[in-house]
Each structure stands twice: as structure tokens, then as C-alpha cells.
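K.L.:
Given next are the chains, with one letter for each unit.
4 protein chains.
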Amino acid sequence: MIIVFKPKTKDNDLNRVIEKVENLGLKTHISKGEETTIVGLIGDTTKVDARMIEVDEAVEKVMHVSEPYKLANRAFHPEDSIIDVAGVKVGGQHLAVIAGPCSVESKEQVIEIAKAAKAAGANMLRGGAFKPRTSPYAFQGMGSEGLDILVAAKEETGLPIVSELMDARYIDEFNEKVDLIQIGARNMQNFDLLKEVGKRCTKPILLKRGLSATFQEWIMSAEYIMASGNPNVILCERGVRTFESYTRNTLDLQAIPVIKELTHLPIIIDPSHAGGKWWLVEPMAKASLAAGCDGLMIEVHNNPEKALCDGPQSLKPEKFETLMKQLTIIADAVDKKL
Amino acid sequence: MIIVFKPKTKDNDLNRVIEKVENLGLKTHISKGEETTIVGLIGDTTKVDARMIEVDEAVEKVMHVSEPYKLANRAFHPEDSIIDVAGVKVGGQHLAVIAGPCSVESKEQVIEIAKAAKAAGANMLRGGAFKPRTSPYAFQGMGSEGLDILVAAKEETGLPIVSELMDARYIDEFNEKVDLIQIGARNMQNFDLLKEVGKRCTKPILLKRGLSATFQEWIMSAEYIMASGNPNVILCERGVRTFESYTRNTLDLQAIPVIKELTHLPIIIDPSHAGGKWWLVEPMAKASLAAGCDGLMIEVHNNPEKALCDGPQSLKPEKFETLMKQLTIIADAVDKKL
Amino acid sequence: MIIVFKPKTKDNDLNRVIEKVENLGLKTHISKGEETTIVGLIGDTTKVDARMIEVDEAVEKVMHVSEPYKLANRAFHPEDSIIDVAGVKVGGQHLAVIAGPCSVESKEQVIEIAKAAKAAGANMLRGGAFKPRTSPYAFQGMGSEGLDILVAAKEETGLPIVSELMDARYIDEFNEKVDLIQIGARNMQNFDLLKEVGKRCTKPILLKRGLSATFQEWIMSAEYIMASGNPNVILCERGVRTFESYTRNTLDLQAIPVIKELTHLPIIIDPSHAGGKWWLVEPMAKASLAAGCDGLMIEVHNNPEKALCDGPQSLKPEKFETLMKQLTIIADAVDKKL
Amino acid sequence: MIIVFKPKTKDNDLNRVIEKVENLGLKTHISKGEETTIVGLIGDTTKVDARMIEVDEAVEKVMHVSEPYKLANRAFHPEDSIIDVAGVKVGGQHLAVIAGPCSVESKEQVIEIAKAAKAAGANMLRGGAFKPRTSPYAFQGMGSEGLDILVAAKEETGLPIVSELMDARYIDEFNEKVDLIQIGARNMQNFDLLKEVGKRCTKPILLKRGLSATFQEWIMSAEYIMASGNPNVILCERGVRTFESYTRNTLDLQAIPVIKELTHLPIIIDPSHAGGKWWLVEPMAKASLAAGCDGLMIEVHNNPEKALCDGPQSLKPEKFETLMKQLTIIADAVDKKL
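Residue numbers (this note's numbering), protein chains in the order written: chain A, 133 to 470; chain B, 133 to 470; chain C, 133 to 470; chain D, 133 to 470.
These are calculated hints, taken from the structure and not from any lab test.
Because identical chains share one entry, a pair is satisfied inside a single copy or across any pair of copies.
Cut-off 16 Å, straight-line C-alpha distance, at most; resulting in silico cross-link-like pairs (EDC-like, lysine to aspartate or glutamate):
{"no.": "1", "residue 1": "K309", "residue 2": "E287"}
{"no.": "2", "residue 1": "K239", "residue 2": "E277"}
{"no.": "3", "residue 1": "K239", "residue 2": "E287"}
{"no.": "4", "residue 1": "K409", "residue 2": "E186"}
{"no.": "5", "residue 1": "K202", "residue 2": "D176"}
{"no.": "6", "residue 1": "K448", "residue 2": "E189"}
{"no.": "7", "residue 1": "K327", "residue 2": "D299"}
{"no.": "8", "residue 1": "K448", "residue 2": "D188"}
Small disclaimer: the values here were computed from a predicted structure and weren't measured.
With the sequences and hints as input, model every part of the structure.
P.N.:
Here you go:
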């Protein structure tokens, strides 16, 4: 962290700020230029709130040199983390292929989709039981009953289950029934939920990027979970909000190399939510894999025309099967196992 | 709602979609052009999920004609709602002036600020007890103890209390101690919290706009609270996220006339969080009032240099006092009472 | 400018970078921490391209301390610039009120509007002769004939003329006929046009902010004009592009205090283009003035229903007159002359 | 185009609008619901300005059904356009691989890079002679001399030349020396330049997407060029501006399938400008190809540390060679020829 002072700062102003910083347990290194004085902070600045220094009237600005996260930071953990989801590895060369309907609608539906997805090569099953919907009048999901249907599909197919948790009240139930617990984009900065999930969830967490979250904010939310006790976090890019409205969101595939540079956590891509149109899923899934992602999350529905949620972005099982074949070739090209 | 079909749609495709729509309880009106067929839906479309129709392969797109919200809609409630916060009216000609520190730090601090704020003309006291922080290592607020300090300040000054609720577990405590319960920007689409707040909160709700929430999404979140049983919602614009990073966020003052056009709810402005710099507060507070807002929420701190949170955007009491004097003149010009 | 080196940088790497910097005519100040070495640059860094230093593999990042503009910089020119537009002063206490149709359509139209605008208190006349239109099939403006009509309206009313220049080929004609030459948002980074305008325009320039231009980029475009020889630049905020599409653009009124902090140039606001709806103009014009702008640019049309361009955002003369009366009261409150 | 009227519109209001529309040469189809009347427009609505209808006080809103472009529209030209650039085909199965330095710096530099690029598999040479720079104090390019150096490199290697045109004054020179004329992101809506380029350029045009241009605006700019007489347009995605600042821009790879759905024009990707960091180029180039792009534009520099412009995003020739090998495998997987 570097403190840049205003031009012609006087010594007593300088000393006041230095004292404040040293009270936080940091050492300082002063560099006086002709016009500007700069003070570098030496020590662990992770826990320093820059704005508490910036507020001093002698300070022009405070600049970060090192990143404000530690547990998620690649610098302190150079190897890729490989997360185990009920026996399915994610990270390194291991790809997660998570398929299934946006929302659980019935036992028959889920089991039919789960079998087709597995046959095509998926290694996890997704399905929403508790649904975050923009409108209070839209279908809100089947809740606990939906989770039970997913469990039945797991018994039938052996596929681990991925489902979204929206409220800490359901953590015990999710621990029991779900294998990879998703925190949705709209809850990425629901800090109380992050803390509870870190403290109490015994399963790995799939943390989606918020609609307008920077890379750093997203990593800081992973840090919340990790600092609260759960080190098993997988990140999921699902599109960010921009001025473009033809697509539901703008899928930011630069996230893949960036997250791999900054952290050791696996990153998977959800091309279904990003585009909101089924015909965008295939090219974006291929692109994601070519860019080196650790997995894909793809909405598959046996009857999108009757889906209660997000039908337009779902692939039919036969389209998913074709996609999986194409992905296999790309996986070879980028040294991943499918 | 209007359904636009793809060019040269056949009758059996058309009929399939019409049947689907009529099963939802709506009537249809068909309009066949030379190229394109259009079907208008007649009836209450609030509860229709456009994407469930859009998914049909014969459909080009589905367009909304009417807004998807009812309880918040100005069309069904032409008069301004006036919300009573422990005796202080907000809406119509009545302005809320909510002042106080970003976070509660000590009893002395809060009482000193509360007295100064009241003397300068504020009619409510704000203070964060539970703080949403981007970093898990930053000060997270004093919690329940912080609320008790606010209650003590209320006893001293008579100012109603505004504080942020981040988790449904604390609703009973907030009902008891807080007069206007804030839902923060990062929880604007924490739908489970919105439902609980609608069901169980006995006090009015201050709903902040999410960092990248459209007007419609924001209003839909108010609709969640209202549909769950709490009609007393005040909206608060606090800046949205854009490409510009010199300011913390971009304050969208067009929200004031837009919200008044679309809804009957009061809207207040928080210029402190939007800009992130104290010297932006004064001009933006004046602008907000000139544009017709129903209130202002302004961070005031007796010692910003030592503030544990957001010091750089806080006004000192004497600056707040000067601002209040200037606001009085503007209030006259726009026919509001201060 | 500060250069932050990667951890454990070796001396020969450090020296290579320092040599590079000193070859640019700058002095350096080295600060070695335990982990990180930081080098501050002393001298005029305006002309240093940070990316030319950042490219060195020993460098972690390069941070700007001072702003990269000089001529527009408030630091080197503390007083407000007051620009004279054919006798009408803009800046300081002097407000520009520029009214008129989006596009010049006929002599009768423009003269009628000009008279009404003047009667209501406008002190300049706007009108588009060359129109930037998104579609090649839309009305492209009357061109030179349109400028002649504006000149006729000036003869009739005495109001100086504001019109947009889109191509350097017309500079001589604009110098002759127009009093304040507008560079539109879409040409804000048409650098060849900026240079020509700086070199050859004998009249002041009104530089609109680009749809996604940061404050700094906008000021740099002003710097282009000033560095090319024309110091008379007025800035105009007209809304930026965000995720919100209910309004045409998001009007960024924080631009007013920010531009005044960073530069000495006047800033005016165009609420008509920002919102795209006539009923947003009145509240936003009042807000702009309350925030301390140096002028307003407002579309006024005697018959918006028949306007060839942007009718929905135009005020009728009687609405403009009412607005001017309200603005007079706000002007008093912020110590501006109307 | 569909006109939605306000609730309870009277017949004379309805008739006034219908008359206006029919005067534009369109037929109408009226659909009266219980509350709302809707009028569909039949005929060529490409040249209708929706806002001229929206302005009528009886009109609630005007919605587009068909796209406002014709010449670029896939609907009227179902096959992929294949553009010939001095013998190199772009589109269909044919990939453009455009490599070279950001800016031309010397003859030796360009020829060395051109040879290396060709040896690695590039089929066109890029190089900036006229440079759009944010700062007036930054290196502005070598101008005509730079173009001559590119011509010399073409003579040496046979690679066609791609370079950016910033001003219509240089069109004759570009026609003579350059094979694919680039219009940069900042000039994407410099409509006078687009018209001139359409009228007078005898070579194909590479049209970059503006930093905040929607797909439709971008296509409309292609339509400008095509409607002015030049049908040979290649589109180039180079990242859009968002809230994320860790990367220079956010690369929108959904543009690839979207542009292919909406238009028949080839689309190439520039991963160098999008990310601004050389290590993002490889994964994004692979992703682009996997998503089905028609070409790549990659900055290659023999000595990035000394590059006068954008060194940090340039690949060294050996890295480019490695990338080309990996691309060959991906090209096979997506049925493209490299």
C-alpha cells in the first residue's frame, strides 16, 4: 500500500498519518520528492482499510500494491486447487460438466434429463429447487420437495447434485442432500449468507459472479467463505451486466485466465444464463473450454417448450449430446480430460 | 403483452401458442399481416412469464406492453404514498432528512452526532450496526450493541432510527429497536430476505437500489415486499455502477422523476455513498432536492479522520449545517417543506 | 508516476528500468521495501506513456499520481475560465441557456422557436444542420442551407448560434456562420477532427462527453483542442451509456463538481438528450443548476409532433417558459445570474 | 413496427397517427383490445424513425419487430459473405490471421516482424501508421511514411496490409497502399467518415466495434458503408467498456454467434486490445476460434519492451508461433482452414 501526499505537505501532517499507520502494526518507508511525498507501507496490509487513511486531509490518495485477499491468492498457494465433489474432481485437468434443468419440475422430468445427461457425458446434475426470481409472481421453485427429487435422481444415476442455496435456514438440509452448494449471482455479496456457508456448510461451494462484480469483489466473496472455514470454493462466471441487451448478459471469458492468474481456485462457466438463448450455448461452451475453464454448467431440458423457467436457454438432450462430442475434441487440444 | 410470430408461421403453430396462452387464463387478439402475425394478450399478464412463450419455436419475440408490477404501480394508485416513520412523514411535500455516521462506533459518538444533526434540521438518525463490507477483514459493525446505542440516541434526541438489516434472524430485534429498516443495495435481490421483511417487519422499509439494478428490477423488489404484506416501502437511489471509477458510483438522478412516474412510492437520495467523496455531497444533495426527491440520506461524522468506515464521504456537522441552510432555499423553490 | 516492481527484483532489472525512465528526462527516487521496490518519477510525466514502462517484465504496475493533462488542469489555472460566445459570457456566475430545435427544418420553424426561446430567457440558439444519425436511412440534416437559416434567425433575434460540426471540411463555413461550434458525443475521440478544430476554428468549442468516456478521457479530448491552439473549450455532459434502458442515457450530474475540481473550464448540461423524454427535462434542468452547472442546452420545438428528429425529448415553448421561471429561483439559491 | 396506444385512446387520436404513418407509404393493421389499441405497420419500415411516431401524445410506445438494416441483414442474404483481401479470402471456412505491431516504428522492425509472422502462419500484416491516442502528447504514428514501410514489407513477404484510416483526406493514399482499411472503435460512429469510406474506398473495410456500441448500432455502421457503395465489410470485436477495469476492456465473444445470426458479414476478433495484457491473448484467441470466428487480429512485436505503443499486449514472435500451432488443432475441431 502506498500513500501519496498532497503537494507541499508539512511534517506534522506527515507524522500524524505515519503514526496512524504504525498504530495498525505496519512499518513505513518515506520517500520525499521535490513536490510530492510518498510513504510505502510494509507488513500485512490485507486488514487495512484504505479509506481510513485516505480521509486524512493531507493525503492525496492511497494505492494498493498487493491484493487484499490471502486464502484465495495464487501468490500464497501456487498450485491449482482441485476440489472433490462427491468423488468428482474439479480443477487441474479435471473438468466438471454439470447439466440439468433450470428448475426441478417433477420426478419424471428430472430423472429423464439426468439419465440423458449422464449418457451424453455429464458428471454432475444441476436443478433449482429454491429459485431466485425477479418477480414475486413467478414460479419460486419446489423447495425441499425439489431437493428430494434431485436425491432420487442421484440414486438412479450416481450423479452428484448441484443446487442453489438462498437462505441460511436451509443449510442443514443442503448439507444432507446436495453435493455442491451454489450461491447465486444475486447473493454474491449477501455477506451474512457467505459467512454462514463458510462456517456451517460441509460441502464445496459454487460461487457465481455477481452481475456487476469486479474480479476482486468476486474473489473477496470467496475469501469470506474461506476465512469462515470452508476452503472448497469453485468460482462460476455467468455473464455480467453491460449496456448490451440483445444477450441476457455479456459473458466475460477473460475471467478464465484472470482468475487462474490471481487465484488457485477452479473456475467454471455457465453459458446458458449468460446468453439467455439456447443457440449461444454451443459456441460459448466450446470457447470456454478452449480458454481453459475447469468446467461447464449447462441447462438441459427434455421439453423446453414446457419448462417453468428459462426454457429459451435450455438445450434438448440430443443437442447436448452433439455438443459433448465437439467438446471432446477441444478438450484434447487444451489438455483437459473429458 | 404482444407475441410476434416468425414470418410465414403456419396455423397449427399459431394455434399451439394460442392454446398455451389461453390455458393461462388470458384472451387473445390475432392480427395477421402479410409477413408477420401478431397476437395481443388481453387480461392480467402480471403473472405471465414471457420466456415461457418465447421458447416456442414459432415465436420471434414477446413484448411487454404493461408493467409487471401492480401494488407499486402508479397506474393503480395515482396519489403519492406518504409513509409515516415514527411520526415523521415522508412523501408528498414532506422531506426526510436522515443524517448520521456510516457505522455506530460508540455511544458518545452517536449521541454527539445525533444532537448536531437534529440541531441542523435532520429529522431522522442513521447509523450502521450490521455492516456489509467487501472484505471479511474489515470492521463488520457493532451488531446488537450498535442498535442499543442508536436507541439511546433516540431517547436523547427524539429522532427516529434508520439502520440496515442484513439477515432475517434479526427481524424481531429490528422491529423493536429500529423505526425505518434499510435493505442495502447488495441485498436488493436477496429475495428470501425481501419476503421475510414483507411478512414480518412491522416498520417501514427503506429499499436501496442495487448497484446494477434497472428501475424495473428495483420496483419488482419493492413489489416483493408489498406482495408479502408490508405496503410501506421507501425507495433510495445511491448510485449505480458504470465504467466511471473516479466517483465511487454514478448517481442517477433521473431516478427521481422516473420512479414518480412509474410508482406512488417516495424516493430519497443518498449522495454520500454515490460519490464516495465528501465534497460531492453538497452539490448532489441540492440537485436531488431540486429534482423533487422526497428526502436525503447524508453521512455526518464528528471526526471523519477517525471514522471506522467511509470517513472520506462524511460531512462534519458544521458542513452539514451549512448545507441544510442552502437546502431550505431550494426546498422553497420546489414546494417542499424542510 | 510511481513504478512498483515485482517482489525480489534484482538490481540489474531495476537499473534497466531506471535508465529507460531517465532517458525520458525524468529523475527517480528509489524506495526499497523488504519485499517490494518502488520508484517515484520526478519531473513532467504528462508526456510519459505508462504502458511503455509497464511492459518491462520486472515491473508489477505503474501508477499515476498526477493527472496527464496540463492546459485544462485546474492546478495550473486556479480561476474559472469564462468563455465569450459572441458577447455572451459562459462560466463563473454567467449561465448559458441554449435553446432550439434538434434539427433545423425550415426558416419559419427556426425563427418562430428562436423568438419564443429569447422571450423566455434563452441567450443562445441551437439547431442541428449536419446530423449524426445511427441509421443511414434517417434524416441527415439540411447541411449548409440549415446553417444559413440559423444565421437568419440570429439576424432576427441577436442570439448567438450553436451547431454541430461533424467533418473538418466544413470548418471555414462554421467559422463564418456559427458562434459556438459543437463537437458531438460520437466524435469526442475523433482525434483528427479535434486537432483541426484546435488549429483552425476561430470560435469557441462545445465538447460533448462521449457515451462511455471517463472524466479523464473527456478532459484529454479538451486538452487535444487546447494543445492544438484553441483555448476556448466548454464541456457538455449529455448522459452516459449504462445498463439502464428506460432512459436514453444516464445523466451524470456528479460531472459538474468533478469537472470543476479537475479543470477550470465551464460545464453545461444537456438534459434533453440524456433522458430522451420531455418530462425528464424540467427536473433535470433544475437539478443541474442546483448542482452548479454553467449552462443548459435544451431542445425546444414549436411542434414536436412533426419534428424530424427527437420530438419526444423537446419542450414546447410554453413549457420552456415555465421552466425558465423556476430556474430563476434556483439560480438565486446558487448565486448564478439568469 | 408496432404502435401501442395509451389506454382508452379515442378514434380521432388513432386516426391522426394512422394518417401520419400512411403518409410514409405504409399500410396499417388495427387491433383493438378492451383496454389497449395496437396498430401493426406493414411495408418497409427500415426508413421509419420510431421516435417521430412515439412523440404523438396518444402513443404509449413504438416497438420494432424487424431489424432496421437491410444490406447487412442475414434475412435478405442467407449465405455467408466471403471477402477477398488482395487474394486472401475471409469468411466461410477461410480464416484471416492478421499479425503485426501496434504501430509502425521503423522499416527494419516491420520487415522482421512480418517475416516472423508469415513464417508462423499469419496471412495478413497489420501496422498502425496513423494512431488514435487518448493523449495529445503520446506518439501519434509515422503517418504516410509508416504506410510506405508497410508497402515495403508487403513487397518482401507478400502479406496484404491492414492499417487504420482516421481521416477521409487520406482515402486516396489508403486505396493505393493498403489492402484492408480499418475504421477504429472510436470512429465507429463518425458517420461522415463512414459515408466517404463507402463512397470512395476501393478496398474492403474492417469495421471495429465501438467501445459502447450495441450489436445493432455496430451493424448500422456497416450498413452506412454498404449503403454508400462499398459492400465489402468485415466486422471486428475488440472488447467493450464495462465496470471491470482489471482488463482493458471486456471481450464479448457472444458477438461471434450473434453477428452470424443477424448478418452475413465475416467477424474477426482482436484479443490484444480487449485484454491489454499479452498473457490474455493466447486463451482468448483459442476461445474465439472455438466459437467460430472468421479471423484473428493479434499484435506481434519483436521487442515489446521498446514498443512505442501497447507493448504490454504484444506477443513476441516465438509466442505467436506457439499459439499458431495450438490454433491449428482448434481450427480442425470447428471445421475452419488455417
